[in-house]
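Starting from the structure of chain F, add chain Y where the hints point.
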Amino acid sequence: MIKLQEVNKNFHKQQVLHDITFQIKDGSIYGLLGSNGAGKTTLLKIIVGILKQEKGSVQIEGQKVFENTDVKKRMIFIPDSLYFFPHYTIEQMANFYQNIYPSWDQERFVQLREMFGLDIKKKVSQFSKGMRRQVAFWLAFSAMPDILVLDEPFDGLDPVVRRKVKNLLIQDVADREMTVLISSHNLREVEDICDYVGILHKGSILLEKDLDELKADIHKVQVAFRNHVPAALKKDLSILHEEKRGSVRLWIVRGAETEVSKLIESYQPIVYDLLPLTLEEIFVYEMGGAGYNVENILV
Amino acid sequence: MFDLDLRSRKPIYEQLVDKFKELIIKEVIQADEKLPSVRTLARQMTINPNTIQKAYRELESQGYIYSLKGKGSFVQAFSEKASQEELIKVKEKLKAAVSEALYLGMTRADIESLLQEIDESTGGGIIDDKTSGSK
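Those sequence lines, one after another, are chains F and Y. The numbering of the first sequence is full-length UniProt numbering, which starts it at 1 and goes up by one. The numbering of the second sequence is full-length UniProt numbering, which starts it at 1 and goes up by one.
Looking at chain F on its own, in the form it has when it is part of the complex:
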């Protein structure tokens, strides 16, 4: 369990993170989403103990992370910009990892070699950007961490590799309850594997929820009535957004599907359709509801 409590971080008097409190359960894949400059990377670096927060606490299984090698041995962070020692081959890097991580699994490293198909005698610096990222994943998966923290992990990977990496990730989550924290601004990328999402904006958590619950709680509704729209209905529904398309109204409504349906149907609409929203749409409307400017959040 990763537990953050009222974490604050400043850079040169500028507040970057403001009272961040949330938890990540073991075996969960948590998607940390947000705009550019929202503080995602800073937050990740605090969680893995690279940066130190000014206020608040970060605990992993009840232990502090910062300068705590016992905890750090069990977690791997793949940063946005990768780092390998200059002139090191994959094999040498693997040896280095083996020394650092007690849970390193050499057998797995050999197994994964077939999957990634890279030459271990070659220097990492000679590889392309995407291949280097593959090396990072290869090393991370071989180290068998309990916690894997990924910053924009899929950038630069082709669709085939992306799928392979996701599959490996899922396997480790299913088999050994690995906890994964992924930051991304690409909503489609995380929508299919995360079970929990948190939205970070301007250094604060705006929203944090089970992804399915999030989707079950907000709907796109198309309705048309014989006469005009009953005012009482609009009052009873929690409408986040409204659009008029001829006589058909498009509403974004919050609430449980059955309740919304029952309420709307009691007014006997001539057209009635209810659709779930995509994560991207949820973003747009939730942000709109919170008074944030959509253009600033979606990239």
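Since the hints were derived computationally from the structure, they do not count as laboratory data. Take the hints with a grain of salt, since some may be wrong.
[Claimed, not checked] Per label pair, the in silico range of CB-to-CB distance: (1) Y/MET106 - F/ASP175: 48 to 56 Å; (2) F/ASP19 - Y/GLY63: 38 to 46 Å; (3) Y/LYS26 - F/ARG245: 35 to 43 Å; (4) F/PHE85 - Y/GLN44: 32 to 40 Å; (5) Y/LEU68 - F/SER204: 39 to 47 Å; (6) Y/GLU92 - F/LYS129: 46 to 54 Å; (7) F/ASP175 - Y/GLU100: 45 to 53 Å; (8) Y/SER67 - F/LYS3: 27 to 35 Å; (9) F/GLU177 - Y/ILE118: 42 to 50 Å; (10) Y/GLN30 - F/PRO102: 40 to 48 Å.
Think of the CB as a built atom: it goes at the ideal place given N, C-alpha and C, for glycine as much as any other residue.
Positioned in the frame of chain F, the structure of chain Y alone reads:
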């Protein structure tokens, strides 16, 4: 086993629940047959195991499957409660379809003959199976 639409608006766990219901109702997976384990399914389909777990829990609470500790999840033999719930949903769909048909000019007689046709093709099918089996 089956395909899910990861790009669909419908939550993945709901899609899973619906697919399994369909398979159970059509008896593709039969009573007391074991469902794939959460791990295998997660691995095969690249779906978050927690999502699958949730779908199984939902199926269990709706009475479609039961789980044995340490053994996995199994299909529940025909359950009264589950079919009742399904019946309500189907009735709703039927209502919508029939009202649309009436609007489009179908007559009561048309619908009745259609009903007859459906009854013969599905109900008849089962009876045929049984009689041919006993012969």
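Taking the hints in turn, this is what the structure says about them:
The hinted window of 48 to 56 Å between Y/MET106 and F/ASP175 holds, with their beta carbons roughly 55 Å apart. Checking the proposed 38 to 46 Å range against F/ASP19 and Y/GLY63 shows it holds: the Cβ atoms sit about 44 Å from each other. Roughly 38 Å separates the CB atoms of Y/LYS26 and F/ARG245, a value that falls within the hinted 35 to 43 Å. For the hinted restraint 32 to 40 Å between F/PHE85 and Y/GLN44, the CB-CB distance of approximately 38 Å keeps it satisfied.
For the hinted restraint 39 to 47 Å between Y/LEU68 and F/SER204, the CB-CB distance of approximately 45 Å keeps it satisfied. For the hinted restraint 46 to 54 Å between Y/GLU92 and F/LYS129, the CB-CB distance of approximately 53 Å keeps it satisfied. The hint said 45 to 53 Å for the Cβ distance between F/ASP175 and Y/GLU100, and at roughly 49 Å that hint holds. Between Y/SER67 and F/LYS3 the CB atoms are about 30 Å apart, so this pair conforms to the stated range of 27 to 35 Å.
A hinted range of 42 to 50 Å for the beta carbons of F/GLU177 and Y/ILE118 is consistent with their spacing of about 49 Å. Checking the proposed 40 to 48 Å range against Y/GLN30 and F/PRO102 shows it holds: the Cβ atoms sit about 47 Å from each other.
Hint compliance for this structure: no hint is broken.
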